[in-house]
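Numbering-wise (the working numbering), the sequence shown opens with residue 140 and increments by one.
I should point out that these hints are in silico values taken from the structure, not numbers from a laboratory.
Treat the numbers as computed from the prediction; the structure is a model and nothing was measured.
Do not rely on the hints blindly, as some may be mistaken.
[To be verified] List of simulated lysine-lysine pairs, DSBU-like, C-alpha gap at most 30 Å: (1) 274 to 309; (2) 234 to 310; (3) 274 to 234; (4) 310 to 274; (5) 309 to 234.
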Amino acid sequence: MSITIRPCGPQDAEALALVSRATFLESYADVLPAADILVHCEVQNRPELYRDWLASPGWRAWLAEMADTAAPVGFSLTCPPDLPVAPGAGDVELKRIYLLHRFQGGGTGAALLAAVEAAAREDGFDRLLLGVYSKNDQALGFYARQGFIPAGVRTFRVGANDYDDLVLAKKLA
Numbered sequence: 140m141s142i143t144i145r146p147c148g149p150q151d152a153e154a155l156a157l158v159s160r161a162t163f164l165e166s167y168a169d170v171l172p173a174a175d176i177l178v179h180c181e182v183q184n185r186p187e188l189y190r191d192w193l194a195s196p197g198w199r200a201w202l203a204e205m206a207d208t209a210a211p212v213g214f215s216l217t218c219p220p221d222l223p224v225a226p227g228a229g230d231v232e233l234k235r236i237y238l239l240h241r242f243q244g245g246g247t248g249a250a251l252l253a254a255v256e257a258a259a260r261e262d263g264f265d266r267l268l269l270g271v272y273s274k275n276d277q278a279l280g281f282y283a284r285q286g287f288i289p290a291g292v293r294t295f296r297v298g299a300n301d302y303d304d305l306v307l308a309k310k311l312a
């Protein structure tokens, strides 16, 4: 399987929303109530939201696609930080890095993260922040292998319930 990664923009909002919904369901179907998943996907993973984000200053995304078909299989998205940690002028947030399960473990997630880190360095950022569900052991393991360390905790609402997210940080310089 050959996967390509490319920068994307507002015109890719439908693909980002599709991957978001699919990966959120894959990741949390056995953890979160169905009603919470449905509400979250409707509110936080709709194409209009991605279109607006990517038309805003400071927001960037990269799309992972099948080389042969251009079918979307994952993406990463950065933005100005909005996390409960002491902010620094050189901070950028990794808002999302989603990859369909069958494509995990082959280096695509690391390649998406590498694209984010390279762009962040080019833009003068020196720290990458993110929030991840505290019980998402697979994601936590991935981020630890990539050099992220704990930086805080936040409460994250999904549907009608609150969950603890860990805030992680990685120095880029």
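Hint check results:
no.	hint	verdict
1	274 to 309	holds, 20 Å
2	234 to 310	holds, 16 Å
3	274 to 234	holds, 18 Å
4	310 to 274	holds, 24 Å
5	309 to 234	holds, 14 Å
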